[in-house]
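Asks: Taking the hints as your guide, dock the two standalone chains into a single complex.
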Amino acid sequence: MAKRKIRVLLAKPGLDGHDRGAKVVAHALKEAGMEVIYTGLHQTVQSIINQAIQEDVDVIGLSIMSGAHVPICRKLMSMVREQGLDDMHVVVGGVIPTPDFAAMKEMGIEGIFPGGSPFNDIVDFIKTVTNAR
Amino acid sequence: MGVATYIKNEKDAVEKVVLQSGIEVKPVYTPADLEEAGFSYENDLAGPGEFPFTRGIHPLGYRSRDWTTRQYTGFGTPEQTNERFKLMISHGQTGLNVAFDLPTQMGYDSDSPLAEGEVGRVGMAVDSLRDFEIAFKDIPLNRIGVGLTINAVACIMLAMYQAVAEKFGFSRTEISATPQNDILKEMVGRGAWIYPVEPAVRLIGDTIEYAMKELPRCNPVSVCGYHIRESGCTPAQEISYALMIAFAYIDNVVARGYRAEDFVGRFSFNLNVYGNLWETVAKFRAARKLWAKLLKERYDVRDKKALFLRGIFGGGGSGLTKQQPENNIMRGAYYALAAALSGAQTTALCSFDEAYTIPTERAALLSLRTFQILMEEVGLRDTVDPLAGSYFMETLTLQMEKKILEEVDKVAKIGGMVRAVSSGYVQAEVAKQAYEWEKALQQGLVTKVGVNKYTDGVDMEVELHQYNEEWAQLQTQRLQELRRTRDAAAVKEALKAVEKAAREKTNVMPPLVEACKSYATVGEMADVFRQVFGGHVEPSIF
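Protein sequences appear in the order of chains A and B.
Just so you know, we're using our numbering here: the first sequence kicks off at 1 and counts up by one.
Just so you know, we're using our numbering here: the second sequence kicks off at 1 and counts up by one.
With the rest of the complex left out, here is chain B (with noise of 0.2 Å):
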């Protein structure tokens, strides 16, 4: 498993095909095939909109709903920001996904000498409620729905949010914030991890629990399958660990004693689109199923709406290569194609200069169109599910369940994610596939145009995002303003509860808001629990 494999035969016909989650594909597909398989009308499909979601989760579809798309933007100061914000806005954008420079994504302020070369560069700089108030000025937050990319301090950045909303006079029950918030898979895949694996899953369990009495339109966590499958894993590992890294949410929140019916309605899954389109679209459909199938299993989730799987279904980023980088406006294209047969309700697409750098205007607004000619031009919208009843999708989406379940139970086996991501064994089992891609790729066992194939075309010079240093001195020179004129007292005593709630282990949101409020800095939250916590060692699995 891991690698795809085609295997031609000496005249150039393809004699086998193997997907990288290890199902083979058949030269022709017949009703005996979905026979074999078990399919049933009533229990593997049934209607869009019904039980168990294999065809969607809205009965009409996009005939009812567009889908929401969200590229991924943010760079630089918050002004920047604020301008790239309100340009995707007036070309159509629906949504914001807000991306954070490394720094505050770790908790450091702008002038911390560990956030040396980093401020603004791969995302925005945000050290206190001040830049919200600059990046947020003027975007109607009662309208557009924001994702914050960010996990170890998601909880600080879900607080400042709403007080940049209660600040600018929306109501913290009308405003919709998605943080990323998922810290299993940053531990596994991305690398932003601060503080150990359980208390970082606790202060997600307070985000969970504090959106579900407080912020009603929020989605306090986006599970994301996304960055472990960028990391190497095939789709089916991908899923499987995306539906256990959630099981573990729930399961801190269901031991405070909450019913998951009482809030599981409001997790969204962020999972990636690239590969091959049909194991793409069968993934989804398996997906859908198997976390409205496990929710009543093992929750006993019963409110129909509780069991949808909502997401972002996004082009990912590994697909693209720097290698003739126009290719990727191509890859592009069919990533957002296979996101629309899944029935994707948001979705972004990597920009194809995204293997050199942040996206340019240019590149981001080509994604966005993207979108806009499949949706308004192509016939996307036109029916649900347009794949449903294919002798080969059906049997696929049931195949591609049993490869999902099969590692389910291996990571259930180790006694569920927490103690798998503790141990190591999904890191080192992500690597593994990691590198036996590569090796085969390198080998030309699996074929990329332009890289191990048809390598003669033209590698042109994208266009390149510029960093500009100036930034992060401006960004300093903001937040010593701030130290110096905000009201010292206020700030510690507010810090103070938030040390309170971290160690008496009461929900550190209440406080964190009105530390926010007071104009305490990210990093001097996020030191807070650094203190409390400590650190996270990340397990050798070489």
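One chain only, chain A, in its complex shape (with noise of 0.2 Å):
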């Protein structure tokens, strides 16, 4: 039986419009083979869960440049819990301080990839949470 492709759902929660990141990440991680489901700007916590499940991802990419990573993530991860969707892996991208890693981990991110980090890095990332279920 053919292998299902990674599918991951890249989101851009809250008002922050800044998407070069998200869209770049887009690109890498249709060249590496995975299915890429874009949301857009501007989505609610509840409208990404709502679209992970309905697309059925493997993976939830958060792309956050406004500083409110923390309180979306907090936000995002207890409905990730909530709805039961204890195989979807978090990981998020952005401007994120080194210092609020530790708290984020502790949410549940598995990942944490600031600007900059190799395509690479994310896709193998992504390649091995998911094979390891």
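For the record, the hints were derived by calculation from the structure and aren't laboratory data.
Model, not experiment: these values are computed from the prediction.
Treat the hints loosely; a few may be bogus.
Derived CB-CB ranges, DEER-like [said to hold, decoys possible]: (1) A:108 with B:330: 34 to 42 Å; (2) A:120 with B:142: 55 to 63 Å; (3) A:124 with B:455: 12 to 20 Å; (4) B:443 with A:99: 27 to 35 Å; (5) A:131 with B:530: 55 to 63 Å; (6) B:443 with A:3: 22 to 30 Å; (7) B:484 with A:118: 49 to 57 Å; (8) B:259 with A:124: 33 to 41 Å; (9) B:259 with A:99: 53 to 61 Å; (10) A:54 with B:402: 34 to 42 Å; (11) A:101 with B:13: 40 to 48 Å; (12) A:54 with B:330: 26 to 34 Å; (13) B:196 with A:110: 32 to 40 Å.
The calculated lysine-lysine pairs, modelled on PhoX-like cross-linking and capped at a C-alpha distance of 25 Å, are [what the hints assert, rightly or not]: (14) A:5 with B:432; (15) B:439 with A:5; (16) B:439 with B:16; (17) A:127 with B:11; (18) B:439 with B:453; (19) B:11 with A:30; (20) B:439 with A:30; (21) B:11 with B:448.
Ideal Cβ positions, reconstructed from N, Cα and C, are used throughout, including at glycine.
Replies: Written as structure tokens, this is what we have:
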């Protein structure tokens, strides 16, 4: 049986509209053979969760540049648990200061990729966590 | 195109250089290059302050007038922003550049559920005139020029600025505000859009028409190539898209029966400085020239001053890196040098910690000092356009002009910028360039010091600007107090007048000024437009 492509929902939560990073990563993941669904801008956490369920994705990738990554991730992870999406992997990219990494990891964010992270790191990470399941 | 290339041979000599705009740079330039490019002193250069303004718009450049420095400022509550404003003015800053938080930029009040976690975070929270009264307290609004970095609801914020100035006893004819007010670039690059393309452009037309009649010292539009470049386009595309955006706004106002000549002199530009130094300087020289030439050709503008490309040329955040952040201090200094060599009238610099956070006080001040060192120590005020006449620079300027025109033609063929943005053409083009650039960077085809080369430096931790969740509470309390105490009937009446103007396509500015004075909130005014116009839907580019 042909292996299903890894499906990734790339999402821009909140009001921030800087989407260069999200679009660039979308290109890179597609080139690495993944199925990418891009939500577009100004998404609520609820609508991201809905789309993740609807599109049956393996990974949610959040792109956050506004500085609101901690409250946004907290909200998203609590909804992930509420919805029983135990298989869902969540990774975050954007402007994420190092001192916030620990708190985010504790919430259940598996991968954090600040601006400038190599595509290979992101691709390998997603492949590893989705295979490890 | 899209990626600058350096090709070296086995002896480490540079064999080939291609700039990001797709121009090959030769090792040596001579008079023969100028001849081959068809260079003419009268047509391509002429004196500073003379058409086509390649050398700048002032005959004496910085000799007659130092540049205006306008660091992007604003965070948290209006009180804190006011303190920072006064601090920057006391350190010699001559203009203000106001940052608004995302809820304000998106037309939501601080107590909206959509504002959660964002109030006061990336800029100042503004809900009503009351906030402006605090933010601009004791600022001489008749002397200090104020940039308002807001777009989708720029008309509301310009009205509010007039309202606060009048409240403080200044006349509307003496205030100088520059709202960013460029919605097309938001749809391409920065993402703070609300309304569909056509009504959004019409609101900009309303502000231009209103400023022409009522706010003689305001610059109603700051056309931003800056953010499109930040989103990944080449320097040539940056200028071409900016020009085409400006033409879209001009067309909207010309269609109302006005002559471009009567209002285009108040347009200003916000353009980006980073990347290759020579390409940057040539870009600005070519941009000034093309703006003047195309305004003449397309709109028969004759008044000399109306042909000036004025604006802020600012050091771009995209050039800065999170790795080895202190390197950004050096980058900033070179970007400032590029801005000075380009004859920028107004400038700003992204601060070295901006790859992490909004600037700390220390970093913002360092940027200001960088400008002061250039102008007052190093000699950038000494003579106008010091690179003029260089075989290389003049050739490159002509080549840039050609590249920009090629991109202008592509957008013109689609039917102009409104169509090129509605269809997603420009967005797809920019995203593609961004990806190519990032890929080249990661493959080591282009060098970024501390990122893909010389990476063994110290990755120091920078001091971070702290966000305090209490600001949101404070702001929300103040807003709710306002809602209780203001004259509700007057607000209702004022909002009705705004709605009427929006529906009947009369100018929304006069009723907006009245609505601001009645203490209607930004969210309430923005909602009126949401009801009348609906929302923008992004064209899919994947």
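Asks: List, from low to high, the hint numbers that the structure doesn't satisfy.
Replies: 5, 8, 10, 12, 17 and 19
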